[in-house]
Amino acid sequence: MAKIVIDGVSYEVNPDNNLLQECLSQGLDLPYFCWHPCMGSVGACRQCAVKQYRDEEDKDGILVMACMTPASDGTIISIEDDGAKSFRSSVIESLMISHPHDCPVCEEGGECHLQDMTLMSGHNYRRYDKKKVTHLNQYLGPFINHEMNRCITCYRCVRYYDDYAGGTDLSAQAAHHHTYFGRHEDGVLESEFSGNLVEVCPTGVFTDKSFSENYTRKWDLQVAPSVCTGCAVGCNTTPGERYGSLRRIVNRYNSEVNGYFLCDRGRFGFDYVNNDDRLKEAVKQIDGNAEVQSKEQIRGVLTEISNGATIGVGSPRASNEANFALRCFVGDENFYSGMSDSEHELSQLVLGLNRDPSFQSPSVREIEKADAVIILGEDVTNVAPRIALALRQSVRNKSLDLAKDCNIPAWQDAAVRELAQHERSPLCVLSSYVSRLDDIASDSLIDSSANLANIAYAIANKIVNSAPAAADVAAEYNDVIDRVAQQLSAAKNPLVIAGTSSDNADLIKAAANIARALAKENGTNLCLLVPEVNSLGVSLLSGTKNNLSSAFERIQNGSVSSAIIVENDLSRRASHNEVDSVLDKLSNLIVIDQLGNATTAKANYLLPSTAFSEHEATFVNYEGRAQLSFQVHRNQSNAQSA
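Per my numbering, residue 1 is the first one in the sequence shown, and the count goes up by one each step.
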């Protein structure tokens with residue numbers, strides 16, 4: 001720790017950080033725009049000026065930018081110095097010269113960083129009465145509004161979009177007072193993480209278009225802590241509801257999971273909750289006609305089938321509580337995971353490896369710290385987008401090491417990038433097709449899953465001779481095998497990624513072999529991805545033998561006559577013909593879901609269920625982390641939660 005003095009008060013701070021970060025950590029008010037905890041400092045906005053003194057005898061001092069100054073031991077600064085305050089007031093006035101007076105109609109109103117910093121700086125009167133610089137706005141797709149006239153040129157948007165998220169279609173154009181942040185032409189933003197521009201931008205240049213179309217002020221939203229159900233990462237979110245409809249989802253900071261950012265699927269993929277076709281009443285379906293049922297009638301049906309001849313089919317998209325309630329009703333031996341046979345088998349394999357003390361299932365934050373990564377057969381950007389964003393940060397670890405050797409602090413973002421140029425930590429992608437991470441990969445191999453598994457076995461055997469040998473591997477891959485094995489062996493924090501989407505158990509086993517060969521003291525980082533929000537949760541509840549085929553077999557041989565299916569369209573888990581022939585043999589089929597699908601169409605009794613924002617529930621993410629999602633709002637129909 002270092003000791004610094006701020007306005008005559010001594011503080012203990014982290015010398016690895018800059019003065020701005022440490023001032024904010026101490027609860028001191030110091031305005032800023034361009035700095036961001038995940039993106040470091042570039043000193044673009046000049047808003048965080050403070051007076052720094054050489055020693056206690058120095059009465060004059062010099063103005064420095066707090067975000068560009070290290071929090072070194074013995075530093076003496078003043079935030080309240082009149083010269084520093086006057087400078088900050090002048091800077092905010094110049095930034096606001098062309099800013100429109102549209103706060104009452106701006107979507108950012110109520111949570112605008114610019115509003116907060118303007119008030120903090122004491123700028124409340126505009127003296128400039130000349131013509132303002134104005135810009136034309138662009139169409140950036142269905143999710144992002146563009147209002148360029150509100151820009152204060154902090155560069156956060158392009159630093160996030162280009163440098164952090166790896167985008168290529170947003171840039172800073174022109175110069176001086178005419179700097180323009182946009183695309184080369186109108187069009188949909190291509191990055192899977194473009195929605196974060198809404199939260200990264202400190203003004204209202206980039207706003208949530210879907211929220212604007214059904215807008216309400218932020219203070220009128222009913223919110224609660226929640227968990228994203230878009231994939232198995234389990235990002236923490238804050239949904240907002242108004243007048244019975246879910247209006248938006250924003251990021252909720254969790255240092256170990258999602259940090260400050262979400263993918264677009266998690267941010268914008270919630271509108272099914274507001275769908276007019278949501279199931280609203282419990283009904284009995286007879287020959288295509290639906291007859292509304294009372295609670296007493298449904299209870300009677302459930303009592304009638306609670307005789308042991310009923311099976312329950314759970315779902316990896318349903319909560320632990322919903323799956324557990326179903327298992328309690330039908331009995332442990334009659335509960336099935338609801339996943340396809342291959343997915344069930346692979347998920348059980350993943351569970352077994354996660355229990356192995358030789359491996360550590362890393363959090364998103366730990367993935368960012370990996371200095372050598374190999375991906376086996378997974379399209380991470382589609383399966384777990386937030387992990388793909390973390391991998392884009394992991395390849396920068398080599399540049400951070402280079403900066404450390406040159407005594408450049410990690411928060412000096414521009415200097416670190418200038419030093420590193422195109423130097424990256426190794427990332428090897430073994431895939432059956434082109435992936436979105438190929439642009440940062442040091443090696444990218446495209447082949448069949450079987451051949452990729454053999455290559456992975458060969459890498460493990462190259463690291464440790466005692467690892468199982470691979471089958472015949474083409475000689476053309478020998479150089480890659482040698483190089484990747486050497487990179488992983490030399491790494492301090494190697495990471496191996498595989499998962500179930502490849503539908504190949506050998507790839508998962510080969511990943512485990514590589515991780516085991518690396519044999520780190522606290523367990524090698526082995527990240528095994530599963531496809532849905534609660535794939536591991538339902539796998540824990542169902543056990544190894546209760547797969548979908550065994551459920552179908554029991555129905556076909558007549559040992560069960562009734563079934564309850566919770567939030568699961570079985571036509572996505574097995575062939576349509578097989579599902580139809582099996583379900584037709586049931587005398588009673590009860591389906592509980594939110595929207596109609598091929599399985600609900602076959603139900604004798606159809607019961608509505610609540611969505612993620614309408615109930616309190618827990619989900620288990622890919623690393624085995626159980627997280628609680630709170631109820632945001634009431635369901636407006638007769639849907640029931642578990």
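What the hints contain is simulated information worked out from the structure, not anything from laboratory work.
Treat the numbers as computed from the prediction; the structure is a model and nothing was measured.
One thing to keep in mind: the hints can contain errors.
[Stated by the list, open to error] List time: in silico EDC-like cross-link candidates among lysine to aspartate or glutamate, alpha-carbon distance up to 16 Å:
#1 K218 to E56
#2 K509 to E366
#3 K492 to E366
#4 K85 to D60
| task | Could you tell me which of the hints above the structure violates, numbers in ascending order? | result | 1 and 2
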